[in-house]
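Trainee: Go ahead and model the full structure; you've got the sequences and the hints to work with.
Take the sequence shown: its position 11, counted from the start at 1, is 11 in this note's numbering, and no numbers get skipped.
A few of these clues could be false.
[Said to hold, decoys possible] Estimated spans, in silico, between C-beta atoms of each pair:
id: 1; residue 1: Gly175; residue 2: His42; range: 48 to 54 Å
id: 2; residue 1: Phe38; residue 2: His320; range: 34 to 40 Å
id: 3; residue 1: Ala367; residue 2: Ile47; range: 48 to 54 Å
id: 4; residue 1: Ile51; residue 2: Ala325; range: 53 to 59 Å
id: 5; residue 1: Trp34; residue 2: Ala339; range: 26 to 32 Å
id: 6; residue 1: Trp34; residue 2: Ala120; range: 30 to 36 Å
id: 7; residue 1: Ile47; residue 2: Ala318; range: 41 to 47 Å
These are computed hints drawn from the structure, not numbers from a lab.
Don't be surprised by glycine CBs; every beta carbon is placed ideally from N, CA and C.
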Amino acid sequence: MSLSHNPLTRHRRETGSAVAAVVQWFVQPHDYEWMTEFQNSHPSGKIIRIIVALSMINISGMSFMSLFADGGPSGTAATILTLSLCTTNIVIAALWLVRPFPGRLGVVTFAIYADVGVAAALSVLDLRNALLGCVLFAVIGAFVTFFLSPRWVVAHLVFTSAVALTFTTALYIRGEVDTITLLVQADVVLLGIMSVPVTTHIFLSTLSADARSSVLDPLTGLLNRRGLDAALEDLWIQGRSEGQCAAIVVVDIDNFKAVNDIHGHDEGDAVICRVAERLTSHVVRYGVLGRTGGEEYLAAVVTSRLHIDALIHGIRRALHSEGDAIPVTVSVGAAILYAESALWTSSSDTLGTASRVADSMMYEAKAAGGNRVVTTLI
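Mentor: Now the structure itself:
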């Protein structure tokens, strides 16, 4: 039997791959900034904030009612703790309703408070009620799963499982519940706490990575055509609403085929990446940049009327360096819209029109010998 078809070898390889996938999931960076921007720019963000606020109010209501229930908090200290948590929860719920979706510090602080707060509220209940109440950690787990990093997901699971196991151990020591029933109850609680966050977070991380890679050029890391289509529309709306000038700029490396023929494709790829990096440094503060073809890039910029010409004509200088082992030049074409341009309102496809005009300007620059910038107002 060949090694590749050996079931034992295949099992080890699959196990190793699974372990590697889990490790990769655990150490991957979490883009809190993107998450915050997304939630604050989409209607779903407001819905989520309302749901979180209502959940906090609901938990406050349950905690308050527990003061009058059998097995609820007893004694002055327990009552004060419960009322304090109820009040704090209401304040936090109000903040979720009136403030934008928080960034990294905000979501991490909220998750820690939620875990510790629920644990504190449960600690003053009858042990059987406390163990049952641990299912609330699953609600917090949903928040942690969607908005925090894998490290915080694991921290949440470790803490909440420890709390549930502490209540389970205390019940076992007291002998208030028969062992089999206690084990079943603990297993149900732990299953609810642990199963959904890990599997869901791994799935969402994979889905998110695939979604992002689908809009990025694998060689340069710039947006591809699909990514540009999504980003350009938002930028165009921004430019029009702010009354600024906007431009579509097409940049094409001159005589790039000769670079590949003389120096090889690896060096050609290096040139493409170098141009991408320098273009990014030059224009990304003012808009978006993508790679639309082999050696072609497209940028959309929004800036002031005084600055836009200098920005476009500065591209050639930004891409040139005396120390380049393989020096290249570029042809640049740009279609510029001033704030008063009639095209903002006279065309339903302003963006498409500007892109086509910029492309034709680039070909005009190339036909004139390259290494130049050709612009036009539209």
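Trainee: Compare the structure with each hint and give your call.
Mentor: Evaluation of the provided hints:
| no. | hint | result |
| --- | --- | --- |
| 1 | Gly175 with His42: 48 to 54 Å | 53 Å, holds |
| 2 | Phe38 with His320: 34 to 40 Å | 37 Å, holds |
| 3 | Ala367 with Ile47: 48 to 54 Å | 53 Å, holds |
| 4 | Ile51 with Ala325: 53 to 59 Å | 56 Å, holds |
| 5 | Trp34 with Ala339: 26 to 32 Å | 30 Å, holds |
| 6 | Trp34 with Ala120: 30 to 36 Å | 33 Å, holds |
| 7 | Ile47 with Ala318: 41 to 47 Å | 43 Å, holds |
Of the numbered hints listed earlier, not one is contradicted by the structure.
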